[in-house]
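Residue numbers (the UniProt record's numbering), protein chains in the order written: chain P, 1 to 181; chain D, 1 to 950.
Any given hint could be a false lead.
Stated by the list, open to error - Under 10 Å between C-beta atoms, here's a sample of chain D residues computed to sit facing chain P: (1) 60; (2) 61; (3) 115; (4) 176; (5) 369; (6) 792.
Because the hints were derived from the structure by calculation, they are not lab data.
Each residue gets a CB set at the ideal place from its N, CA and C atoms; glycine is no exception.
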Amino acid sequence: MSAAIEIRDLTLRVNGEPVGPIPVPVGTSLLDVLHEWLGLTGSRMGCGQGICHACTVMLDEETGPREMRTCITGAHWFEGKSIRTVEGHARTEPDGTVVLSPVQQAFVENFAFQCGYCTPGFVTGASVLIETLKRKPVRRDEVERVVTDALDPHICRCTGYVRYHQAVRDLVLATPGLTIA
Amino acid sequence: MAIQHDAADPTRALSRRSFLKAGTAAGIAVKVSVLAPPAQARLMEASPSDGPAWAAPGRPRYRLDAVAKVTGSKTFSRDYRAKDLPGWPDRQAHALLIAATCADRRFTGLDLSRLPASLQPDRIVRHEDLVADGVAVPHADFFGDWFLVPQGETPRLLGQPVAILIFYDFPRFAAAKRALRFADDVVRFGEATGAKPPAHYGASRWVRIEGETPDAPDRFSPYEHSPIFAGFSGDKPAWPAPGQEGAFPKGMAAAAAIAAEIDGAGEDALVMRRTYRSQSTDASAMEADNGNVWYDPATGILHLMMATQSPYDVAEAAAGLVAKSRFPLKEVDLKVGYTVGYGTKDHHIFPFLCVVAALYADGRPVRLANDRFEQFQNGLKRHAFHMDTALLVDRASGRFRAMTGRYACDGGGRPNYSVAVSFVGATAAQSIYYLPKSDFQAIALASRAVEAGSTRGFGTLQTMSATEMLVDEAAALLRIDAIELRLRNVMRTGQRNSQGAVPAGALRNEEILHKAAAHPLWRERVARKVAYEAAHPGRRYGVGFAQVHKDYGTGAEAAVASLELDAQGRLRLRHVAHEMGPGVTTSQAAMVGEILGRVPSETEFGVVRWPEMPLHTTDQPYTTPQAEEDRRAQDPRWTPRFTSPMSATNSAYYLGHATRTAARFLADHAIWPAARSLWARGGKGGALASYNEITRDGLRLADGEVRGGGLPALSLAEVAAEAHRLGLAVGVTLHTFNRWQWAEAEFDLPGTGRTRLPIDALSLRYGAGAAPERRALMDTAGWHFLPRTAAFYPPTQRNNVGTTYYSPMATLAEVAVDTASGEVTILSHHSILECGRQIVPALVSGQVQGGLAMGIGHALKEVLPLYEDGPGDGTWNWNRYELPRARDVAPWNQTVEILPPLSETDPPKGIAEVVMIAVVPALANAVAHAIGHRFHDLPIRPERIREALA
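Using the sequences and the hints given, assemble the complete structure.
The following block contains the structure:
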């Protein structure tokens with residue numbers, strides 16, 4: 001390896017599993033580590049500038065999950081932390097059946113996406129919203145505003161956003177504990 | 001700049017999205033396949049945990065690719081690294097392009113001194129290497145003459161690569177890329193030369209003057225006579241002189257007569273002359289261009305994993321590229337994943353740059369994947385248009401007497417599809433109106449801009465938006481309601497378009513106009529404006545309307561589909577179509593369900609190996625003369641084109657035609673005779689004998705059952721078993737071709753006799769009970785290829801019609817303009833679409849919503865400078881190129897009405913492009929209503945509104 005590249009070990013939890021220590025050049029984005037070291041390509045490179053949010057993952061903290069942009073956040077910032085990527089939301093039963101998360105199920109049933117490139121970011125953003133609402137429910141008449149606030153940072157070029165928004169709104173309204181009268 | 005070149009080859013310009021295929025070197029096998037997803041992603045054909053994917057045949061509960069996409073499985077071409085690809089080496093090399101950001105000075109060399117020795121590339125590829133090794137751009141008349149700028153030459157276009165750097169590992173690649181990004185001293189330039197773009201690309205002119213009666217021949221029209229083609233004198237087309245001999249002079253005389261009528265119009269007519277400009281934009285497909293290529297010199301196999309909308313053409317052209325070089329080649333093996341491009345991945349030089357990188361990677365797989373800055377720098381752009389229009393309107397009747405337009409598009413520095421875009425735009429300029437006289441010039445200019453190419457709308461977004469702004473302004477000047485003026489001029493079924501052709505089917509624009517006129521947004525707009533502005537000081541309220549109809553298809557649409565019914569009643573569908581996002585895999589399966597009452601239990605898309613369909617093609621569908629086509633058509637294994645790219649909104653109607661025809665064939669030739677056989681059981685004609693009034697039309701296939709005519713319901717399984725027992729045709733593979741009309745052919749079907757079908761080639765597979773002599777016919781990969789006994793290809797003259805297939809859409813947009821900031825807020829919008837019979841309504845409405853968002857971006861936000869400050873400089877990204885976000889598109893306040901089909905037998909229409917267009921002029925017209933100022937240039941950004949209000 002080149003002398004011009006400083007290497008430092010990285011250890012974190014990804015989708016509940018310990019990862020590392022792996023030697024990663026300092027300054028590498030988490031997105032590149034997910035793609036090139038871990039083979040997890042579900043978090044997508046869109047802009048590389050933190051504008052489109054196709055690359056986001058859930059960062060699990062004591063106060064609840066946060067949405068993090070992995071294209072502009074260095075991998076070593078996540079040292080010792082725990083993240084969930086889009087690959088970690090569904091689970092597979094022993095018989096091979098895939099059990100989607102409620103957000104994923106809502107997107108699928110609402111035909112929410114087309115090309116699907118931005119979908120992982122929307123899954124992440126909506127999942128963070130759902131978990132946030134579990135802690136801090138909102139009035140039912142605020143749901144549409146809250147959904148737009150949560151998803152507006154995400155760029156989608158195929159769908160016009162409508163079905164993503166409707167899917168999350170309907171899920172929030174149908175899930176006990178996320179709203180108050 | 002004075003560029004002179006010979007008159008364009010007239011036939012070349014006629015090809016809408018034509019592409020001249022490589023004469024692939026003999027003996028090279030070309031394989032193309034959609035990559036089978038890894039086990040984790042194979043769920044795309046399975047269902048999630050809570051039930052089946054299909055609520056009913058024809059009614060999917062999910063997209064068939066939904067689970068793979070929502071779980072982040074590897075689905076896009078971009079997701080794959082060498083280690084994910086079976087048989088490839090594990091180690092992945094990476095490449096990057098060094099691009100010229102200056103196109104008016106000589107390129108003198110590369111300076112990589114910013115990189116320490118340890119970060120120097122493992123291989124640098126320059127133009128001179130390619131020359132030495134015989135590596136040349138395939139189809140230079142389409143993709144441009146250079147891959148890389150030669151030392152000492154001026155780049156053809158901004159952003160043109162000068163070198164490819166290859167690194168054998170990712171960390172060094174990433175570090176070097178960071179060190180070189182935005183550096184202005186890496187590419188060295190010398191003497192100023194001025195810009196050196198290619199010669200201008202082409203000019204055509206579409207002139208029509210109607211005949212004495214609606215049925216009489218046009219006095220002049222492209223269809224009746226010819227479009228007019230010209231070369232250039234300087235930057236202007238050198239049109240032929242008017243005259244009375246020959247199609248071009250006659251056409252120019254007709255154009256002169258129209259111009260004279262407009263120039264000499266009296267007080268009884270309104271003459272409007274307006275100039276409109278539509279900006280260059282980047283489609284900003286979320287997946288940037290990328291490819292991963294492994295050239296294995298040991299085997300001579302070129303392996304490609306490529307993001308492309310035209311895989312077959314990429315594979316063939318790549319084969320031609322390598323075969324002509326010093327690098328040995330035995331086979332090309334191209335794989336594609338899912339991708340998305342909105343047209344911009346349909347024929348681009350990028351995949352071939354990936355191939356070039358691989359040739360110099362010493363047998364390593366090389367990945368060339370644009371980041372967003374690079375995508376702006378080298379991705380295909382939407383053409384900027386400059387449009388000079390004139391409209392002549394009879395004041396008393398409000399009827400249009402004539403319209404002319406000069407539509408010049410900037411194609412940038414590589415030819416690509418610019419000629420086609422120019423004339424597709426020009427021939428769409430009439431929008432939804434009947435024009436007794438029209439003269440539309442299509443001019444494709446070359447420049448040093450980043451190249452423009454196929455992009456959703458294909459020139460029509462620009463031209464129809466201009467017309468819809470023009471007509472709206474005309475209505476205001478004539479003091480006629482803007483929808484009423486449209487109603488007086490709308491093209492009705494049977495009337496001819498500006499090429500002189502009668503569009504397909506029923507034109508329902510009038511019905512849509514009436515619905516829009518009755519909508520509260522339109523009816524109450526005056527009162528609502530007063531009320532809104534009273535309640536919102538500093539904000540101005542406006543409602544705008546526009547309606548367009550957009551062609552779909554290319555005039556040379558070809559497809560292959562196969563459908564097989566097994567003895568248990570299960571169906572297997574195979575198709576050339578592959579998924580681009582709109583849901584083609586779901587919708588094709590749904591079509592089978594609608595016709596046969598059961599969806600396929602097995603599907604395979606992106607199939608390009610069809611051993612049972614042993615056709616050959618000259619693939620010159622636009623340019624083959626009639627006599628030659630007649631001669632070739634005698635060969636039952638010849639077809640004008642084998643398959644089409646996934647583009648031009650071709651999946652629902654054109655690719656679906658193959659699916660629907662295959663399903664109907666099985667219904668006619670397997671299910672119907674087998675059901676009759678079962679109903680005749682019991683001897684002496686059985687139950688059918690006394691109840692024999694049922695005809696094929698009375699057959700009903702639904703929910704896995706076969707019914708009709710008062711006869712007992714049969715399960716599809718028992719009918720299928722009977723069809724197999726009887727040795728009927730239980731499998732059908734067919735090939736289709738459309739030149740604004742379906743090719744038809746006659747086949748001598750065993751047991752049925754001579755049958756005419758809307759296809760040009762057919763293979764059958766017979767059930768196990770077939771007689772030995774019939775089974776012996778299945779000698780073509782297990783199928784019976786039936787040579788057609790007669791072929792009926794649409795006449796080659798139909799190449800002149802431009803289009804005959806249209807889908808209409810109207811949009812009403814309600815906006816508020818902040819007079820302080822100039823911001824336009826969309827309060828709501830309502831659209832009305834006619835798309836024939838919807839296949840999957842959820843997919844249709846998703847397309848509409850997405851198209852509207854893209855149109856909103858074009859109308860209000862997105863803009864790229866063409867030249868030095870534009871995307872070729874490598875500094876553009878979505879921080880400064882503003883895309884519409886959810887808040888910008890009124891996600892909670894938009895509605896869509898889709899007209900019900902006229903009958904249940906209406907075919908589906910292609911809508912993917914039309915849905916983004918009407919909203920563009922509707923917003924411009926809404927802003928005009930709001931602030932009283934008509935913008936003629938797009939986009940209408942806040943700073944321009946502030947200027948207008950100042």
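Let me know if the C-beta of residue 369/D comes in closer than 10 Å to any C-beta of chain P, holds or violated. With a closest approach of 8 Å, the residue 369/D hint holds.
Per-residue hint verdict: residue 792/D, partner chain P, C-beta under 10 Å: violated, 37 Å
Holds or violated: is there a CB of chain P closer than 10 Å to the CB of residue 60/D? holds, 9 Å
Against chain P, with CB atoms and a cut of 10 Å, does the hint on residue 176/D hold up? Since chain P brings a Cβ to about 9 Å from residue 176/D, closer than 10 Å, the hint holds.
Could you check if residue 61/D really has its C-beta closer than 10 Å to a C-beta on chain P? holds, 7 Å
Taking the closest Cβ pair, is residue 115/D under 10 Å from chain P? Constraint on residue 115/D satisfied, holds at 8 Å.
Against the hints set out earlier in the document, a violation occurs for number 6 only.
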